[in-house]
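Participant: Sequence:
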Amino acid sequence: MNHVDSYYAATANPHQPWPQLDGSVQCDVCIIGAGFTGLSSALFLTEAGYEVVVLEAARVGYGASGRNGGQVVNSYSRDIDVIEQRYGADAARMLGSMMFEGADIIRDRIDRYAIDCDYRPGGIFAALNARQMQHLRAQQRLWERYGNQQLDLLDERGIRRAIATERYVGGLLDRRGGHLHPLNLALGEAEAIRRHGGRIYEQSAVEKVIYGAPNLVKTARGDVSAKYVIFAGNAYLAPELEPRLSRKSMPCGSQIVTTEPLSADQALSLLPDNYCVEDCNYLLDYFRLTADNRLLYGGGVIYGAREPQDIAALIRPKLLKTFPQLQNVKLSHSWSGNFLLTLSRMPQLGRLDKQVYYIQGDSGHGVTFTHLAGKLVAETLRGDAERFDAFARLPHLPFPGGRRFKVPLTAVGAAWYALRDRLGV
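When you number the sequence shown by my numbering, it's gap-free, plus one each residue, and the end is 425.
Treat the hints as calculated values from the structure; they're not laboratory data.
Nothing here was measured: the structure is a model prediction, and the numbers come from that model.
There could be a bad hint or two in this list.
Said to hold, decoys possible - Below, simulated DMTMM-like cross-link-like pairs (lysine to aspartate or glutamate); rule was C-alpha separation at most 25 Å, straight line: (1) Lys318 with Asp353; (2) Lys321 with Asp292; (3) Lys354 with Glu240; (4) Lys318 with Glu156; (5) Lys227 with Asp22; (6) Lys227 with Glu191; (7) Lys330 with Asp22; (8) Lys318 with Asp273.
Between the sequences and the hints, there should be enough to build the whole structure, so can you do that?
Facilitator: Structure follows, in structure tokens:
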């Protein structure tokens, strides 16, 4: 399997493919999945001297890591106030201390390994009504309490200077956020892993994992013997490979389009400061400019990751509602990709066996959290599991209704929140 026909694949940096696994190999750590979770884990571990093998069913960055909106968004899909209400003050303090670390790791990787991925600083949370604006004021106070002093509240005049639309009543600018070309980031991180001696095998889907000492990870044409195994496949992990993980998560689809290149003046008239944007709805829209002056626009969720027949028909009305001045602009690319949702909307980290770990369910905050998670699992293998266990202790709940009914039940709940968004309550 090759990358989907997306804007990112069309503008990917030149790169050499990785071989398919053929035969038996040994290593310290075998990682299943070469998206951001697996790549971040592998890079931290190879930097620490571990012998690492990464097995990828398709291509590096094939899944969500190479298809997402490219937004570097801080915190988690549930903010620290919700975490404190649900799990207590100790959990909130520990998780709060890490909520901006993922973005810092990304910037460090880009600088350290000179990764060309079009990083631009600054991201806006845009409010469509007074209730959402009140939430953003509370979010600013909360994030400042946990150390982010690079936040600016935007009133109606400020948001219209930053975004050429009348849809929003205000917003919150996070200068510690930003946006980038995610597939090129993934490819750059894979090259860094290779430089440290790590091995990546593409077109090498895992068919079976036999737990033991050592663990044995089997593909169609080979196997890997490893002391440690890390499941890092997220929404693209075959559900039958480890049912204990698939019961606690659900793949969801999101859709993205890009316009044809705009003139520099037209592009900057839309987003003069080149910030990325996401709105505050439950089923949110998100958009930004690319390095070659296209508008990239995404939104909506399809529960269960069903592939829509006409992505442009779904997203173009959203784009034009925000930017009616683009009525006559053509679209160049449209694609979909899956992220992994959990019932709590919190990521799931844990152990399946003594030396077998899993990381999944970033619930829409995968670009940043995956980079943090890779650091946490590397810390754990090196003997310091405190931060990993702060997430592992959170409840990992199965979706109600089992495999048959979890999609329709979740869609009903989402419809309720979407109605609240429309009513502004």
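Participant: None of the hints should be skipped; say for each whether it holds.
Facilitator: Here is what the structure says about each hint:
1. Lys318 with Asp353: Since the Cα atoms of Lys318 and Asp353 sit roughly 45 Å apart, the hinted pair is violated (cutoff 25 Å).
2. Lys321 with Asp292: Between Lys321 and Asp292 the Cα gap is close to 23 Å, so the pair holds against 25 Å.
3. Lys354 with Glu240: holds (21 Å)
4. Lys318 with Glu156: holds (21 Å)
5. Lys227 with Asp22: Roughly 20 Å between the alpha carbons, so the hint for Lys227 and Asp22 holds.
6. Lys227 with Glu191: Holds, at roughly 24 Å.
7. Lys330 with Asp22: With Cα atoms ~45 Å apart, Lys330 and Asp22 exceed 25 Å; violated.
8. Lys318 with Asp273: Status holds; Cα separation ~22 Å.
Consistency note: the structure conflicts with the earlier hints numbered 1, 7.
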